[in-house]
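K.L.:
Residues per chain, in single letters:
Protein chains: 2
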Amino acid sequence: MKKTEQSIQRCLTISTVQKILGGKWKIEILYYIGLQNVRRFGALRRHIGGITESSLTKQLRELESDGFINRYDFKEVPPHVEYTLTDLGESFMSVLEVIKQWGDLHLK
Amino acid sequence: MKKTEQSIQRCLTISTVQKILGGKWKIEILYYIGLQNVRRFGALRRHIGGITESSLTKQLRELESDGFINRYDFKEVPPHVEYTLTDLGESFMSVLEVIKQWGDLHLK
Chain G
1 MKKTEQSIQR CLTISTVQKI LGGKWKIEIL YYIGLQNVRR FGALRRHIGG ITESSLTKQL
61 RELESDGFIN RYDFKEVPPH VEYTLTDLGE SFMSVLEVIK QWGDLHLK
Chain D
1 MKKTEQSIQR CLTISTVQKI LGGKWKIEIL YYIGLQNVRR FGALRRHIGG ITESSLTKQL
61 RELESDGFIN RYDFKEVPPH VEYTLTDLGE SFMSVLEVIK QWGDLHLK
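So the sequences go chain by chain: G and D.
1 is the number of the first residue of the first sequence in UniProt numbering; add one for each residue after it.
1 is the number of the first residue of the second sequence in UniProt numbering; add one for each residue after it.
Don't take every hint at face value.
Which copy is meant is left open, so a pair is good if it fits within one copy or across any two.
[To be verified] In silico DSS-like cross-links for lysine-lysine, where the CA-CA straight-line distance does not exceed 25 Å:
id: 1; residue 1: K75; residue 2: K108
id: 2; residue 1: K75; residue 2: K19
id: 3; residue 1: K108; residue 2: K24
id: 4; residue 1: K108; residue 2: K58
id: 5; residue 1: K75; residue 2: K24
id: 6; residue 1: K58; residue 2: K75
These are calculated hints, taken from the structure and not from any lab test.
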């Protein structure tokens, strides 16, 4: 049965997911931190081709503030900072695996 | 065992997924077309709060060119255009359901 427009609710979950993951590099960043154990800024930047330093900084800050990653500063000289997943970030890894399996199957 | 940086391959699938779905509104658009049967431009715009006409136009064109949606022009006056999922778009709906279930469970 065709839904009437009035019966369709705005989906807040999808809207939130869109806001969090809609960033130009979010899925890739979470993939490398979570599934490839890439923890350092420089290494992330090398793996994600084409991302600028300022863009990676911004996206990492957003992922931290959205509760997906932890930033740990070892307070060393030269600076040593590592990024790891929070529990929320970990919970997303099963979704990321499903996304990757779908992509492997359906995207050239 | 910790992976050495050299052993980590750039993941082309994730990079492609990121390019296709990283748009600011892609996930939401696919949700309303695919899972809520919203087919018209104006209705999509009303459901996705805050999207401009030009932004929706651009994102729909990209989804069409990436093979996720069909645009059918009824060639009527006034103009009547409907968007529906392609087979590729349909194949993504199971992923979108997983994303939504995860979001319902983990996002406030």
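K.L.:
Tell me, please, which holds for K58 and K75 at an alpha-carbon limit of 25 Å: within, between, both or neither?
P.N.:
within (21 Å within a copy, 45 Å between copies)
K.L.:
Indicate which option fits the pair K108, K58 if close means a Cα-Cα distance not exceeding 25 Å: within, between, both or neither.
P.N.:
between (30 Å within a copy, 22 Å between copies)
K.L.:
Treating 25 Å as the Cα threshold, decide for K108 and K24: within, between, both or neither.
P.N.:
So K108 and K24 pass the 25 Å test inside a copy (20 Å) and across (23 Å) alike.
K.L.:
When no copy is named, should K75 and K108 be tagged within, between, both, or neither for a Cα gap of at most 25 Å?
P.N.:
Classified as neither; 44 Å inside a copy, 33 Å across copies.
K.L.:
Treating 25 Å as the Cα threshold, decide for K75 and K19: within, between, both or neither.
P.N.:
Close neither inside one copy (32 Å) nor across copies (35 Å); limit 25 Å.
K.L.:
Which holds for K75 with K24 at a C-alpha limit of 25 Å: within a copy, between copies, both or neither?
P.N.:
This pair counts as neither: shortest intra-copy Cα distance 30 Å, inter-copy 35 Å.
Checked against the numbered hints above, the structure breaks hints 1, 2, 5 and satisfies the rest.
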